[in-house]
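The working numbering applies: residue -17 is where the sequence shown begins, and numbers increase by one.
It is possible that part of the hints are untrue.
FRET-style restraints, in silico, Cβ to Cβ [said to hold, decoys possible]: (1) Phe139 - Ile(-4): 31 to 39 Å; (2) Met55 - Ala27: 18 to 26 Å; (3) Thr102 - His36: 39 to 47 Å; (4) His36 - Asp63: 36 to 44 Å; (5) Val96 - Val47: 28 to 36 Å; (6) Trp53 - Lys87: 31 to 39 Å.
Since the hints were derived computationally from the structure, they do not count as laboratory data.
For each residue, glycine too, the CB sits at the ideal point set by N, CA and C.
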Amino acid sequence: MTTIWLVLDQVTKIWVVNNIRYRTEEIKVIDGFFSLVHAQNKGAAMGILNDYEHRMLVFAVFTVVALGVLWQMYREIPGSDRFQAAALGLILSGAVGNAIDRIDKQSVTDFLRVYTENPTLKPILIDWFGTYEWPSFNVADAAICVGLGMFILHFAFMQEDEEDLEPDPPDEPVQI
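Using the sequences provided together with the hints, build the complete structure.
Here it is as structure tokens:
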């Protein structure tokens, strides 16, 4: 599954770079709500560290550490726990997908644009979030977010308590 998401991420980014003009063209998928664009993000999520001179070093170190942690977590998952394995696989595919972009061109291709042109929602969203548009993102970003959501869901609601997994202590012999 990890490979499928990684390939989907890379194929969609290549398609966007080859078919949508950078920052000038838009393909409306759901008018007034969702479109495909071509953006290059040199920073992290929502442009964080965009202008930081040593951002590539920070991203490299963070990615290597994250991959190590993910690998260790994956090794500790029981073989029957497909939910956690899928969650970690999504996070891993997203991290690798964006790392490939950073190594290749020092930026990440973003292309999924979610926004609203609804006049009723615009004032509410601008008051709450300061904008009526979510920053553009890509398949890797979505995989990371869904994987993290699954991981949190697992630990919040699906994980058995460790004390429930421990066997009950043997009964003490009764002394007469």
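Distance restraint hint 18 to 26 Å, applied to the beta-carbon atoms of Met55 and Ala27: Given a distance of about 21 Å, which is inside 18 to 26 Å, the answer is holds.
Whether the CB-CB distance between Phe139 and Ile(-4) falls inside 31 to 39 Å: At roughly 38 Å between Cβ atoms, Ile(-4) and Phe139 fall inside 31 to 39 Å, so the hint holds.
Whether the CB-CB distance between Trp53 and Lys87 falls inside 31 to 39 Å: For Lys87 against Trp53, whose Cβ atoms are near 26 Å apart, the range 31 to 39 Å is violated.
28 to 36 Å as the expected CB spacing between Val47 and Val96, which holds or is violated: 30 Å, holds
Asp63 and His36 - C-beta distance against the hinted 36 to 44 Å: 38 Å, holds
Range hint compliance [Cβ, Thr102 to His36, 39 to 47 Å]: 44 Å, holds
Consistency with the previously given hints fails for number 6 only.
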